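Protein chains: 4
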Amino acid sequence: MPDTEPTPTPPIRVTVWHEFRHEKTNPRVAEVYPHGMHEAIAAGLRGKPGLSVATATLDEHEAGLTEERLGQTDVLTWWGHMAHSDVQDLVVERVYNRVVRQGMGLVVLHSGHFSKVFRKLMGTTCDLKWRVDPPSKETLWVTRPGHPIVQHVDDHLVLEQEEMYSEFFDVPEPESTFLISSFDGGEVFRSGMTWTRGAGKIAYLRPGHETYPTYHNPAIQQMIENAVRWAAPTLPTAPHTFGRRDLGWVGK
Amino acid sequence: MPDTEPTPTPPIRVTVWHEFRHEKTNPRVAEVYPHGMHEAIAAGLRGKPGLSVATATLDEHEAGLTEERLGQTDVLTWWGHMAHSDVQDLVVERVYNRVVRQGMGLVVLHSGHFSKVFRKLMGTTCDLKWRVDPPSKETLWVTRPGHPIVQHVDDHLVLEQEEMYSEFFDVPEPESTFLISSFDGGEVFRSGMTWTRGAGKIAYLRPGHETYPTYHNPAIQQMIENAVRWAAPTLPTAPHTFGRRDLGWVGK
Amino acid sequence: MPDTEPTPTPPIRVTVWHEFRHEKTNPRVAEVYPHGMHEAIAAGLRGKPGLSVATATLDEHEAGLTEERLGQTDVLTWWGHMAHSDVQDLVVERVYNRVVRQGMGLVVLHSGHFSKVFRKLMGTTCDLKWRVDPPSKETLWVTRPGHPIVQHVDDHLVLEQEEMYSEFFDVPEPESTFLISSFDGGEVFRSGMTWTRGAGKIAYLRPGHETYPTYHNPAIQQMIENAVRWAAPTLPTAPHTFGRRDLGWVGK
Amino acid sequence: MPDTEPTPTPPIRVTVWHEFRHEKTNPRVAEVYPHGMHEAIAAGLRGKPGLSVATATLDEHEAGLTEERLGQTDVLTWWGHMAHSDVQDLVVERVYNRVVRQGMGLVVLHSGHFSKVFRKLMGTTCDLKWRVDPPSKETLWVTRPGHPIVQHVDDHLVLEQEEMYSEFFDVPEPESTFLISSFDGGEVFRSGMTWTRGAGKIAYLRPGHETYPTYHNPAIQQMIENAVRWAAPTLPTAPHTFGRRDLGWVGK
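Protein chains in written order, with the numbering used here: chain A, 50 to 301; chain B, 50 to 301; chain C, 50 to 301; chain D, 50 to 301.
Because the hints were derived from the structure by calculation, they are not lab data.
Note that this is a predicted model, so its numbers are computed, not measured.
Treat the hints loosely; a few may be bogus.
A pair counts as met if it fits within one copy or between any two copies, since identical chains are not told apart.
[What the hints assert, rightly or not] Heads up, simulated EDC-like pairs for lysine to aspartate or glutamate below, C-alpha to C-alpha not over 20 Å straight-line:
hint: 1; residue 1: LYS165; residue 2: GLU109
hint: 2; residue 1: LYS165; residue 2: ASP204
hint: 3; residue 1: LYS165; residue 2: GLU111
hint: 4; residue 1: LYS165; residue 2: ASP138
hint: 5; residue 1: LYS73; residue 2: ASP233
hint: 6; residue 1: LYS186; residue 2: GLU222
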């Protein structure tokens, strides 16, 4: 039995960022996600214990990612696809610094692999092979049982219809590979990986093409929730002290 | 503001394992740790929110690590030195399996680097260079700010008197190196590292020679508490399913 | 143009170790590998520039891995399956020490994943899922272009008939994952990975079930040759100096 | 004895890149390196078997790194300090692409940690703590015996006078940490690390402040030579094939 009652920890402040353009031009996407993909992703997080959820979209002022908004964000989820170049460099720098220097978690979803900020954090092209049509069955296999992001997930998971992504996926060797997918053509993809950059934790989760109801799938919602909890910073973050040191400051 | 009140999580069940031999033969150690080093380590954990703390020592039945005890342990801390070979292989296998198959966290302290179970989990000799006398000042530098185990620790930490350990420390490349120490002779040591083995998380923390009051130091106590929280399994642990699979079980 | 003519480097001394039991009891294996699997593997290495090739098998004295033999081995390849437990612990310790302390490379093939020495070096169970029948098509995808072990390999490779292995494969996070396979049932497997243990490099290559002609396949032969070159030690290996250091030996 | 005589491999084409500005304004640097630091670094490589050595400097056309020059470079070494911002983005992109897409090796020296291209490849700030005066003794410890870059290096190495660099050094977790330094103030620094980005290998080597004769030191020259050999691409580099795939191209 515990020596003391556990005390509640402060909520993790999540901002679900979404490009929110496909829904306005593609009736199929609007049908699958009538309130936008961000609302489907946010719906899987709202009401969960210890999470505080907001959304932000590209066509808001400064892509919705003002200094004030980021200052209140512990974990940012990111879905983008057709308009990566419309994200202002100012915003990219702001997100980057919030991750590296202040430990904000970043959960990058599906085609967000090609976002400016993910490429900047990875230091690679983040390119891959892909095929939209016909849709493919995707089988995701857990390659790190016990990893917090696959909590409550069985040893594999099947999505009946998804876009195919295939290796080589040009990212740095991950610190953990927790999911690998196969597709109808025999292709494979590292669908769940993690990295650290500065004080910040980064997770990539592959599934989520805009024409399929992937973000309504409870198992996918569960993994996004798990990823958010995993990526949350440990506060207060240890200070980054850089620059000149005077002799004798330490050790003598 | 959060959408819901955070709910308490179940306590982390910690077992502090200690060889408990030096105290019985070396008056200096008995003076520094009159109730045993395990009681000093446990004292830094008891009463902390969300932790439930027990101790176990080598001269108990099955080294205090019976199936029942391990079955109630989420994280095990390990200090041993003069009697590594007295730990029965049965116990080593039990601890090993609890880590790899069931996700128990393991926090290895100081001379525990040479314990049977740590060597078995690492797959290397775990050998190093060392010098007991004279004592050395040890300066520990944080090399991964934002890592949960260095929460509330400044960018470095000084221990006025410790035993010197020096590289090469023969362990596999860690997943994270969060502390590196320097010593009076200009030696260095990777003093805080992490690995994953199966479903289990493993942390190594260097400081803690038996003749110095290291485990009474609040900063060291803080890091051990942090390490215990970091190493705790995500429950329920995802199932390991191994063995033969029938065709058609999945994907077709 | 080079400043000087390149000078030849000494040959890499390879020992191809093989259990050599299946061939004696299973006519199908004897048909595919009439001289034993070791001779097929060795045939892919013999006559290649800079390689010196020998073989050793389980039923020789000390499993063919005497101190003299290992002392003349820079890289050891390992195939075993039905008789892992017949490899004497003395031999396991000898191979282990040659890898960790003297930098011998180890290339573990297919069912060698369950060998005593690989499990000892990994620190995990090395268990996995599998299905022998019916045979499966295996598609191996390169996940680290530019890695020396996939030199001269296209972006993927197909084996028409192989045994299926599936994740979770219980090994530590690798330093590099250079191949991932898919199988007919939608299963996936990390088929090419590397680790370092002490001074030694270790590679795992999945394909090679005893009833299929995998080791006659030129692309597989190429990868084994590549792996041998990659795993070769850099000689002279830097000294491991362990144990006590006197104060003032360095840095003052 | 080898089955065949080893055949010579083609030479590794090294380009030693240097900012070459300090020497023109600081008499102390001009005294230590009368022909420029690049000539001292190149002198340690010229005449070595299997290496072909060229130099390039910032004030040449396109920083000396034209498409033609890079097309003939297998490994690039990089020293810069006071003029990182004078390297044109065009050149940074060219070097980056040559590393990631074509496997050129990159050996980053000392204050090159703050170069545009290293920061772009790392995805972090690459910031650190530092102190120029007074000079510090630096003791470098080998933390991965058997790594090719420390071949012919003892278990440690002392430089009597160097600039102090201290952790936290903001780089991603390395694939290998092969050197850690200590300094007079008790500071520590990961002085030798490696990463992979796409098809390219990257090494960082800390020592080499412009006012000290570090690059005339045979042990440092040896390590730079080792690093060049380690970082050389395996040619031909496996193709990166990205983009759309038609169904049926593979696996069916």
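Each hint, compared with the structure:
1. LYS165 - GLU109: within (18 Å within a copy, 31 Å between copies)
2. LYS165 - ASP204: Classified as neither: same-chain Cα gap 33 Å, cross-chain 26 Å, threshold 20 Å.
3. LYS165 - GLU111: within (15 Å within a copy, 26 Å between copies)
4. LYS165 - ASP138: Result: close both inside a copy and across copies, 8 Å intra and 16 Å inter.
5. LYS73 - ASP233: neither (30 Å within a copy, 39 Å between copies)
6. LYS186 - GLU222: neither (26 Å within a copy, 27 Å between copies)
In terms of the numbered hints stated before, the structure departs from hints 2, 5 and 6, listed from lowest to highest.
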